[in-house]
Amino acid sequence: MFQIPCPHCGLRNVAEFRHAGERRPRPDPRTATPEQWRSYLYTYDNHADWTRETWYHRLGCRRYIGVERHTVTNEIRPVS
Amino acid sequence: MPDTEPIARSPIRIAGPAQIRFGWEVSAVRSTAALRLGDRTPLAKVLVRAAPEGRLAAALGVPFGLAARDDHATLVIGSGPGEWLLVGPPGSSAELAGRIETADDALVSVLDFTHGRALLRLTGPDGARALAMLCPVDLADRTTPDGAAFRSAVAGLATDVVRDDVDGTRSYLLHCERSSGQFLFDALLDAGGEYGIEPDGFGYPENSVQLFEQVAAAEADGSAE
Amino acid sequence: MSPLATHRLDPQPGELLDRSRPLSFTFEGNPYTGFAGDSIASALAAAGVRVFSRSFKYHRPRGILTASHLDPGCTVQVGDEPNVRAAARGLAEGMAVHAQNAWPSLRLDVRAANGVVGRFLTAGFYYKTFMAPQRLWPAYERVLGTFAPGGRMSGAVDTLAEYDQRYAHPDVVVAGGGPAGMGAALAAAQAGAEVMLVEQEHELGGHLRWGGPAELVLLQDLRAAVAAAPGIEVLLDSVVVGRFDGNWLSIVQRDLPHVEERLIKARAAALVVAPGLVERPYVFAGNDLPGVMLGTAVRRLINLYAVRPGTQAVVLTANPEGDAGVADLQRAGVEVAAVLDARRGEDLRRALGRGGVTGVETADGRRVACDTVVTSIGWTAPTSLLNMAGDRPWYDPSAARFRPSDDLPEGVLAAGGISGDGTVEELVEHGRSVGAAAAAGHGAAGRPAALPVRAHPERFRASTHGIVDYSEDVSSKDIIAAAAEGYDSSELVKRYTTATMGPSQGKLETVNTVAVLAEATGRPIADLGTTVWRPPYAPISLGALAGRVHEPVRHSPMQPWHEAHGAAQLIAGAWIRPDHYGDPQAEARGVREAVGIIDVTPLGKLDLRGPDVPKLLNLVYVNKWSKLAEGSVRYGVMCAEDGVVMDDGVTGRLGSERYLMSTTSSGAATVWEHLENWLQTEHPDWQVHVTPLTTYYASINVAGPRSRELLARVTEGIDLSPEAFPYMRVRTGRIAGVDECLMWRIGFTGELSYELHVPASYGLQAWEALLSVGADLGCAAFGVEAQRILRLEKGHLIVGQDTDGLTRAYDAALGPMVKLDKDDFVGRPELFWQEQLGEQTRLVALQPVDGTIVPAEASQIVRRNAIVGRITSSRMSPTLGRSVCLGYVEVGLAEPGTVVTVLLPDGRRIAAAVQPQLAHVDPEGERLRA
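Protein chains in written order, with this note's numbering: chain A, 1 to 80; chain B, 1 to 225; chain C, 1 to 930.
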């Protein structure tokens with residue numbers, strides 16, 4: 001089980017967190033086209049590489065934290 | 001209309017005799033076992049939320065991850081980023097809340113958590129070994145010494161854990177949602193079985209000389225009964 | 001061999017036996033004795049037993065091969081416990097041991113006929129046999145089931161409490177307690193590290209234990225040093241079964257007095273893998289006959305258990321350990337009839353005999369009579385744990401084995417025999433330097449080099465064919481056949497033949513499998529590589545994995561009352577709730593006619609504070625919140641960004657900047673995380689605190705025409721008159737003597753009703769007070785089932801029951817709630833488009849024409865054979881005396897009065913009429929506004 005360095009709690013088991021998905025900007029809801037909006041909802045990059053993600057520390061500080069994770073090795077580093 | 005004073009009840013049921021103290025129905029069971037698990041739910045619990053870098057934070061003086069007693073012998077726990085839990089004698093929540101200076105910060109929330117949370121105390125040299133059956137966080141002195149506070153899963157339940165030694169004996173306060181208090185209590189009793197754990201009712205001293213003195217004074221003037 | 005003959009030797013210098021403690025046990029119902037310190041297998045071997053089991057497929061008799069954990073022929077049933085490894089499990093008084101896979105008896109196994117029709121079970125038989133026709137599969141399954149390996153279980157589950165688990169955070173875990181492992185642990189501890197030393201056997205020492213006097217002296221010294229060293233926790237009869245990301249290790253510990261097994265989840269800074277080497281069997285005809293064993297098995301039996309392995313032996317040796325085995329045999333009084341030295345090119349051709357060895361035929365055609373054949377032909381480095389850490393071993397032909405690579409992952413080190421060869425002193429010294437490096441946390445650069453290897457003949461198979469995988473009964477012929485069929489890589493051949501998939505997980509079999517495959521394909525062993533080892537390293541019980549079950553449950557403060565009054569329990573998420581107290585229909589009638597109270601504590605309650613709360617409410621709810629007055633409450637619906645209904649509930653304004661939001665019981669945690677997500681990631685500038693108060697309050701809904709009358713008797717400080725306290729308002733006051741109670745006037749049941757939120761410690765007091773003072777009004781408790789009936793009569797939907805993961809607001813007839821004139825709210829774009837395009841299905845109330853029929857929930861609504869809707873809720877209505885439903889229909893069928901067809905689960909089709917509005921009872925809402 002890999003660990004996530006929580007900026008508030010320190011290094012913790014990933015089981016304490018909920019994966020909240022890749023970080024993607026929310027389109028402007030007043031002008032977004034259906035294509036843009038649904039891309040925001042459903043399309044994930046899922047690179048075999050470093051990705052920027054949000055994790056929710058549900059069994060710790062209850063903060064949403066941003067990290068960079070390598071999807072092949074599960075290495076984690078803080079968002080630069 | 002019932003004209004008797006209401007009786008508060010902890011979520012934790014301990015087999016054996018009960019008594020009414022400070023308006024709470026509490027267990028009168030006493031244990032002298034080397035490892036004891038006590039119900040401390042009747043203690044006043046007040047949650048404070050404010051900016052982590054604000055004036056109130058500076059006044060409280062305890063960041064997330066640490067716990068310390070203030071000048072009033074109130075245990076101030078840094079329970080989250082911008083979040084503190086104050087623990088004091090039974091019936092003192094209004095007093096604890098009243099001491100919080102809210103004026104200087106943009107937004108301060110002060111909430112009485114006394115009835116919303118369960119509070120347990122696990123005391124004994126084998127406390128860390130028993131807790132390590134249920135909690136993934138390293139309980140060694142080098143990572144969680146006396147005065148350390150953290151939130152993690154204990155038996156799968158989100159729990160605030162505070163290392164709060166008593167006269168040099170290893171001791172932990174465990175704070176969780178009231179509705180799961182009995183579950184946590186039972187899980188800890190099970191985990192401590194091999195170390196001879198015994199349940200311990202709500203007695204005094206509450207593992208702290210200062211608190212004992214406060215409560216003794218409160219009892220003497222009859223205000224708490 | 002006479003069963004009365006004893007094979008127990010005089011005391012041996014390194015024996016484990018406590019001869020002062022004889023133990024009685026039975027095998028196949030016959031009485032035997034052994035000593036404390038014996039394994040089950042050694043005690044039986046001492047009594048002359050040679051056949052321990054029948055093999056998995058061919059039901060061939062099997063005996064001792066390795067005399068270790070890995071022994072494939074020594075799996076037995078002990079009492080109620082199946083699959084016990086008899087060569088590893090310590091003998092205990094009174095054990096009832098039975099052979100497995102032997103029916104009707106070990107001596108006469110009718111299924112051994114399989115050996116005659118062996119072609120039936122050749123390579124890939126799983127894929128070739130019993131496949132078609134499919135209708136015969138149940139029959140095939142029954143046949144295969146009787147052949148399946150394994151023992152028996154009584155099914156009693158009262159032993160779950162005998163397993164538990166703990167977490168650990170050692171600096172260094174050393175997997176293997178031989179000379180290198182002990183050296184590593186000592187050096188790491190000397191450097192100040194906290195060390196866990198994990199040994200699979202019952203004592204530390206590894207192969208030192210069956211060595212000569214010098215090895216035994218070194219063993220005593222090392223053991224004494226380990227015992228004296230502070231900071232080393234020794235776990236015996238325990239094994240590191242898996243290594244996962246970040247050196248997260250699972251260790252199964254068996255040496256505890258009070259639990260059967262304990263699973264340790266250890267987060268180690270460094271893992272030192274020091275399992276030594278595993279002796280590799282040799283492939284030749286008859287290599288699975290009882291009496292054929294490895295050199296290390298012979299040395300274990302003689303030196304650890306004082307058991308003479310046979311009377312006449314032929315030995316094939318390729319290394320000094322094999323030569324030492326010859327010396328041990330001679331010392332034990334075994335006649336060594338022939339020694340074949342592979343280093344001089346000598347070889348076996350086959351073992352002779354049926355049911356046991358009677359002789360051998362050598363490569364040059366000689367026949368030698370014997371009852372024991374011993375092979376010492378090579379070694380396997382058990383690199384599984386290194387594999388799990390990502391390392392890929394490489395084949396070293398000079399050592400005739402695969403070896404760990406030089407660039408092991410960070411925090412993972414290899415010490416001793418797995419790394420290379422050396423004297424015992426060199427192994428200890430290597431362990432010490434690796435242990436010191438592990439404690440120091442050096443990166444790859446600071447690691448000691450691997451030990452060198454000594455030359456070893458490359459010998460895997462004789463000129464004949466024999467068993468490669470003893471557990472799975474796979475022969476070298478099977479592997480050659482598989483290669484010929486195109487399964488020509490290590491991974492393919494493994495899956496096709498099942499070789500290496502048995503309990504020893506390839507530690508005995510992998511290299512021979514690859515070697516035979518190399519032979520069949522003409523490719524070098526190095527090119528083929530091994531299969532990838534995965535957890536578990538050793539067989540483990542399901543009990544160890546399950547440990548103690550910790551599933552948090554939640555109880556309301558009124559739980560003692562519910563239990564005392566016979567409540568039927570409903571498990572709703574983590575909450576344990578009263579479903580009913582015996583008669584939910586009567587409970588529902590009581591509410592409509594008089595007054596009832598229900599425990600609704602699980603309702604989510606969130607304290608919202610700050611100047612920007614209205615912004616937050618406007619964002620997360622589809623309706624408007626800017627003008628909510630103090631003292632008022634409002635119903636709100638939340639959708640997700642895809643427009644799907646997520647939760648609903650009422651939110652009240654308690655003060656100028658203070659609100660209380662209620663959520664559904666099951667949605668409480670989700671909504672809290674949802675609000676925090678918006679606040680933390682999108683609007684960190686908003687001044688709002690969200691704090692969950694769900695269990696701060698005991699929540700009691702008081703419902704029914706006499707609820708006001710009831711509450712008047714216990715309430716202080718609140719004017720309950722309809723003018724002063726109308727529908728959809730909130731007040732604070734003293735109830736049943738308890739201060740600071742909240743009272744909301746809302747009506748999920750469709751009746752005049754008040755929801756009380758009482759500080760939880762006083763919940764039981766308030767609950768009992770209401771029942772006590774309301775007895776003459778007919779006040780009674782009602783459960784979740786009665787509430788579901790009442791709300792269905794009223795047509796109030798339940799999110800998650802009457803909506804699903806595709807239901808958007810317009811489908812659920814919540815369109816009037818959606819305020820598209822707000823610039824933004826969560827899910828607005830999808831709802832805007834849905835409003836423009838129109839919804840395709842709609843929630844409607846339905847009544848079966850025959851009101852005695854209650855269609856099961858999830859019944860389909862059909863037009864001929866097309867599905868055009870579904871029933872989401874249905875109950876018998878005590879108020880109307882007929883069945884009532886909610887459900888979805890295509891929009892074209894949503895007109896009131898439309899009669900649709902409901903397909904019941906039993907195939908019947910019934911007619912049901914769409915109602916003019918969702919409420920079956922009191923559509924005008926006069927009762928709840930009374």
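There's no promise every hint is true.
Claimed, not checked - Label-pair restraints from in silico Cβ distances:
1) G582(C) <-> D71(B): 55 to 63 Å
2) G582(C) <-> Q19(B): 49 to 57 Å
3) G390(C) <-> Q36(A): 39 to 47 Å
4) E28(C) <-> T32(B): 50 to 58 Å
5) P125(B) <-> A227(C): 53 to 61 Å
6) P125(B) <-> R24(A): 47 to 55 Å
Please keep in mind that the hints were generated in silico from the structure rather than gathered at the bench.
None of these values were measured; they are calculated from a predicted model.
A virtual CB, placed ideally from N, CA and C, is assigned to each residue, including glycine.
Going down the list of hints, with the structure as the test:
For G582(C) and D71(B), the hinted distance range of 55 to 63 Å is satisfied, since their beta carbons lie about 57 Å from each other. Against the hinted window of 49 to 57 Å, the Cβ-Cβ separation of G582(C) and Q19(B) comes to about 34 Å, which falls outside the hint. The supplied range of 39 to 47 Å is met by G390(C) and Q36(A), whose beta-carbon atoms lie about 40 Å from each other. Taken as a hint, the range 50 to 58 Å holds for the pair E28(C) and T32(B), whose Cβ atoms sit roughly 53 Å apart.
Our hint of 53 to 61 Å for P125(B) and A227(C) is violated, since their Cβ atoms are close to 22 Å apart. Checked against the hint of 47 to 55 Å, the C-beta distance between P125(B) and R24(A) comes to roughly 51 Å, which is consistent with it.
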